[in-house]
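Kindly produce the complete structure, drawing on both the sequences and the hints.
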Amino acid sequence: MHEWPLIIFTLLTQAAVGATLFSALYACWINHESGVSVGYHMMKPVLVIICLMAAIGLLCSVAHLGYPMNAFNSLRHAATSWLSREIIFTGAFFGAICLIALRTLMTKRVSRTLLALAALLGIADIYCMGEVYRHTQVVTWAHLNTQFTFIGTLITLGACIATLLITLKSKGKVSDGLSFKMVCVAVLLIGISLIGRLLVLPDYLDEIQRLSSNGVVTFPYDAISFFEHSPLLRWSAWITALLGLLVMLFALCLGRQKVIYRQPIMLSFGCMLVILAEVVFRYAFFLIN
256 MHEWPLIIFT LLTQAAVGAT LFSALYACWI NHESGVSVGY HMMKPVLVII
306 CLMAAIGLLC SVAHLGYPMN AFNSLRHAAT SWLSREIIFT GAFFGAICLI
356 ALRTLMTKRV SRTLLALAAL LGIADIYCMG EVYRHTQVVT WAHLNTQFTF
406 IGTLITLGAC IATLLITLKS KGKVSDGLSF KMVCVAVLLI GISLIGRLLV
456 LPDYLDEIQR LSSNGVVTFP YDAISFFEHS PLLRWSAWIT ALLGLLVMLF
506 ALCLGRQKVI YRQPIMLSFG CMLVILAEVV FRYAFFLIN
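Counting in the working numbering, the sequence shown runs from 256 upward without gaps.
Since the hints were made in silico from the structure, they are not lab data.
Hints may be right or wrong, so weigh each one.
Stated by the list, open to error - With a Cα cut of at most 25 angstroms, we get these calculated DSS-like pairs of lysine-lysine:
1) Lys299 - Lys426
2) Lys426 - Lys513
3) Lys436 - Lys424
4) Lys363 - Lys299
5) Lys426 - Lys363
6) Lys428 - Lys363
7) Lys428 - Lys513
8) Lys299 - Lys436
9) Lys363 - Lys424
10) Lys299 - Lys424
11) Lys513 - Lys424
Next up, the structure:
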């Protein structure tokens, strides 16, 4: 397994974009209810962590290319190459979020508009990333399931990071109603993400089965063979993800308006299960050799 740089790059980039998206939404609510000062103090550490995730992801991407100049060479084909577009949008997102973090530290104000624009850049980046893998000779990647997986990971990781770093840190800083709303939104979007991926899964499995029956093999990797020999890995990821969602739902039902006071451990545990599931999903995605 030599794809760890790609696993780290894709996961951290999607996590950074997702966290930016949720930060923009939560900053809007917090600034409106508790003021820009509270919003700044709550968002400052999150923005720093987002920058670190994006930076580490970018370094792993360059490491995978083998030679830094390869990234610049790839930029020459932006009109025809999804890889070139991915590199451009990855760099644009990284630059934007770093500048926004710097501006936030200097002005002590969080701009939800700028965060939303950075999130849009990031979403475009993740879309290009998905298209890079869809337009390959690896048949287990060349399906709409890849886009659903990448966008779904963006949502689930963003929701979990926002819950751990923003919502659970909001005790005494925002109203119980707002903290409850933030948890509800996170749980709802995680659920929608997982359901969306489950809906596309039957067609994906049917396509893999059809290709397997036809004896399709792509060189140098027999991706279908490795896919068929790793069902336990994929289903364990699904079970872990759904269990994490159920734990968060249970915490929400038990804690209700005071969920972050009454069930912080259960909420955190549910988030960690979902994050673990995404790591296993991505490992299984790249398990082609």
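We went through each hint and held it up to the structure:
no.	hint	result
1	Lys299 - Lys426	holds, 16 angstroms
2	Lys426 - Lys513	holds, 10 angstroms
3	Lys436 - Lys424	holds, 14 angstroms
4	Lys363 - Lys299	holds, 9 angstroms
5	Lys426 - Lys363	holds, 21 angstroms
6	Lys428 - Lys363	holds, 17 angstroms
7	Lys428 - Lys513	holds, 13 angstroms
8	Lys299 - Lys436	holds, 21 angstroms
9	Lys363 - Lys424	holds, 18 angstroms
10	Lys299 - Lys424	holds, 12 angstroms
11	Lys513 - Lys424	holds, 13 angstroms
In terms of the numbered hints stated before, the structure departs from none.
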